[in-house]
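> Residue numbers (the numbering used here), protein chains in the order written: chain F, 1 to 306; chain B, 1 to 318.
Be aware that a few hints might be false.
[What the hints assert, rightly or not] Derived EDC-like pairs: lysine to aspartate or glutamate, alpha-carbon spacing no greater than 16 Å straight-line:
hint : chain 1 : residue 1 : chain 2 : residue 2
1    : B       : K132      : F       : D38
2    : B       : K132      : F       : D146
3    : B       : K132      : F       : E25
[Unchecked claim] Stretches of chain B that chain F covers, calculated by requiring three or more beta carbons in the stretch to come under 8 Å of a beta carbon on chain F:
hint : stretch
4    : 13–20
5    : 98–109
6    : 131–142
7    : 145–158
8    : 278–291
These aren't lab readings, by the way, just hints derived from the structure by calculation.
Note that the Cβ used here is the ideal one computed from N, Cα and C, for glycine as well.
Single-letter residue listing:
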Amino acid sequence: MVEGAAEQPVANVIPAPDTSHYRSESLWTKSIRKFARDPMGIAALVIVSVFFVIACGVWAGWIGQNWSALQADGYTGMSREHWFGTNINGQDIYARTIQGTKTAFEVGLIVAILSTVIGGILGAVAGYFDRTIVDEVIMWLYGCLDAIPFYLFVAAVAFALRDQPYAMHVAMIATFWSSTCRIVRGEVIKIKSLEYVQAAKALGVGSMTIIFRHVIPNTFHILLVQGTIAFVSAIKSEVILTYLGLGVKHGVSWGTMLSESTFEVSAGIFNNFVAASSFLFLLVIAFNLFADALQDALDPKKVTAS
Amino acid sequence: METLQFAFRKILYAIPLLFGVTLISFLLMVYFGPDLTYSLIGKNPTAEQIVEVRTQLGYDQPFFIRYGMFLKEIVTFDFGNSLSTGERVSSILLRTVPVSFAVALPGFILSELLALALALIAANNRGGFVDKGIMVFAVVGMSISFLIVVIIFQIVFCSVYGLNLFPVQGWVVSNVADYIHYVAVPTMVIVFVGLGYNTRFFRAVIVEELNRDYVRTARAYGVSRFRILSAHILKNAMIPISTRVIISLPFVVIAGNLVIERYFNIPGVGLITYNAITTGDLPIVKAVVTSTAILYVIALVFTDIVYRMIDPRVALNS
Numbered sequence: 001m002v003e004g005a006a007e008q009p010v011a012n013v014i015p016a017p018d019t020s021h022y023r024s025e026s027l028w029t030k031s032i033r034k035f036a037r038d039p040m041g042i043a044a045l046v047i048v049s050v051f052f053v054i055a056c057g058v059w060a061g062w063i064g065q066n067w068s069a070l071q072a073d074g075y076t077g078m079s080r081e082h083w084f085g086t087n088i089n090g091q092d093i094y095a096r097t098i099q100g101t102k103t104a105f106e107v108g109l110i111v112a113i114l115s116t117v118i119g120g121i122l123g124a125v126a127g128y129f130d131r132t133i134v135d136e137v138i139m140w141l142y143g144c145l146d147a148i149p150f151y152l153f154v155a156a157v158a159f160a161l162r163d164q165p166y167a168m169h170v171a172m173i174a175t176f177w178s179s180t181c182r183i184v185r186g187e188v189i190k191i192k193s194l195e196y197v198q199a200a201k202a203l204g205v206g207s208m209t210i211i212f213r214h215v216i217p218n219t220f221h222i223l224l225v226q227g228t229i230a231f232v233s234a235i236k237s238e239v240i241l242t243y244l245g246l247g248v249k250h251g252v253s254w255g256t257m258l259s260e261s262t263f264e265v266s267a268g269i270f271n272n273f274v275a276a277s278s279f280l281f282l283l284v285i286a287f288n289l290f291a292d293a294l295q296d297a298l299d300p301k302k303v304t305a306s
Numbered sequence: 001m002e003t004l005q006f007a008f009r010k011i012l013y014a015i016p017l018l019f020g021v022t023l024i025s026f027l028l029m030v031y032f033g034p035d036l037t038y039s040l041i042g043k044n045p046t047a048e049q050i051v052e053v054r055t056q057l058g059y060d061q062p063f064f065i066r067y068g069m070f071l072k073e074i075v076t077f078d079f080g081n082s083l084s085t086g087e088r089v090s091s092i093l094l095r096t097v098p099v100s101f102a103v104a105l106p107g108f109i110l111s112e113l114l115a116l117a118l119a120l121i122a123a124n125n126r127g128g129f130v131d132k133g134i135m136v137f138a139v140v141g142m143s144i145s146f147l148i149v150v151i152i153f154q155i156v157f158c159s160v161y162g163l164n165l166f167p168v169q170g171w172v173v174s175n176v177a178d179y180i181h182y183v184a185v186p187t188m189v190i191v192f193v194g195l196g197y198n199t200r201f202f203r204a205v206i207v208e209e210l211n212r213d214y215v216r217t218a219r220a221y222g223v224s225r226f227r228i229l230s231a232h233i234l235k236n237a238m239i240p241i242s243t244r245v246i247i248s249l250p251f252v253v254i255a256g257n258l259v260i261e262r263y264f265n266i267p268g269v270g271l272i273t274y275n276a277i278t279t280g281d282l283p284i285v286k287a288v289v290t291s292t293a294i295l296y297v298i299a300l301v302f303t304d305i306v307y308r309m310i311d312p313r314v315a316l317n318s
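So here's chain F without its partners, still in its complex pose (with noise of 0.2 Å):
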């Protein structure tokens, strides 16, 4: 037994800092506090939000109901009645503008959110099965599909369904999923490596497990920009779509509007073309801007003053 060998630990000379005011930070927390700081990312997710806003309107049955009734006998200009005028058909313009939101939120949602889950899930198991013949055929049916050029994709893809009026639908989606697949497969193939995973592996977890609880939710923030962006090429897709025929056949969309006003604007009447124009222009920048916003303030690279 050494002498005068300390029995009592020594005492901390440096007290341990006071962490209990710390708060624990997310990627999502982060960016919520980036996105607010950013003024131009505000803008844009309000004026996105006032078009939501006046989708679901529409939805309910509020406004915007009188779209198809034949209220006056042809050309009207703007009156108190009809606020932007009637068209050809003698339909209320204003109505018809607003009931193009919804089917502009109707086909956006449908296609963003059903693209980025398909894309998600083929990428993730596509990137998790790396080099096997999993993800050689995930790989070959996305090059096929990108091969056939859009447009004539969504008229193969018409003809293959008949008319049936979700054939519109049906194409984008088949298209759209292959961009949001292969950005996840390049990031599965990265946190297929850490260790958290390898440990779930080591554990016996089964794969389809660790795909769905753990991979998949780290790539969140990529299918959420995704969405957001196969959103805004859903909508800009339909007018042409629809231009070409192939588009929205129940109901009215701005793609409808811009057709009928491509013979009216020779005539020099332009109602339904600016009506139509400026509300799919500032819902698409909107988009846009607020796409750009959240992709920096997802961005862990992208550091900014805190």
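Since the structure of chain F is provided, determine the placement of chain B on it from the hints.
For chain B alone, coordinates are given in the frame of chain F:
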């Protein structure tokens, strides 16, 4: 020798893609497609005529034989006759592809070059006023729908409400002056629409290059900004840029631009395809879709092989 092996492997890899693409086209347009029997016969067909046309179209054959017939059509480039005009599809394509090319090419080249120049300027003044201005312009350009641009340009440049400088539609080209006269507004539309996307993409590529270590080293050695941009960054940035350009070429050339050709009434592949889509003329749509897809796969293989030849890093990796 190694390049040949690499090329061979890439071509081998492309074969399942070609099969997949033709299979998808076949499934969508022939197998699940509309029944063409009645379009080919006239009115009041007799029962024997119906049976005869059905055997001719192969509707009673099993799946693989019909797929084989489809493949044979592609290989011999004989898609039959158009349902609306009765002209042979291959001769239609031969007639219209050069026109589409002539219309789309100036716009394509101009938009890529302009986007590259703008992206270089933007990346150079990164974060500055010029950069923000160019990016705002790019976002606005991205957000305006194609259709709207066409209509506005037509009003401004072609109609009596605007400048009335160029013809509203048509394509009567016999010399260079005529060509410029007719191609001006379509080119402007194509440039305007493509500028937004391309500028953003090119700028992202260039900025990523600018952040690399070798650039910092070169600056530390006192190499001028201009020389870094032109001699080093451009070469490295060219790889993703040229891939994108080459891959979008088939779509530009063959698919034509449906909206522009329809609007300006230019007799190219786009107009033919548009008429085919709206009238349900299957052989033409079949031909255009399959040719474009196959050209795309070829372009993919081509870029991979060319990469291998110009970038030695790819050789080391593969």
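> If a hint holds in the structure, say so; if it does not, say that too.
Results of checking the hints against the structure:
Restraint check for K132 of chain B and D38 of chain F: satisfied, since their Cα atoms lie roughly 15 Å apart, inside the 16 Å limit. About 32 Å separates the Cα atoms of K132 of chain B and D146 of chain F, which puts this hinted pair outside 16 Å; it is violated. Pair hint K132 of chain B plus E25 of chain F does not hold up; C-alpha atoms about 31 Å apart against a cutoff of 16 Å. Only residues whose beta carbon comes within less than 8 Å of a beta carbon in chain F count, and the stretch 13–20 of chain B has 3; three or more means the coverage holds.
Counting residues of the stretch 98–109 of chain B whose CB lies closer than 8 Å to any CB of chain F gives 0, so the stated coverage by that chain is violated, three being the minimum. Evaluation of the coverage hint for the stretch 131–142 of chain B: fulfilled, as 3 residues show C-beta separations to chain F shorter than 8 Å, against a requirement of three. Against chain F, the stretch 145–158 of chain B contributes 7 residues with a C-beta closer than 8 Å to a partner C-beta. That satisfies the three-residue criterion, and the hint holds. Given as covered by chain F, the stretch 278–291 of chain B passes the check, having 6 residues with a CB less than 8 Å from a CB of that chain where 3 are the minimum.
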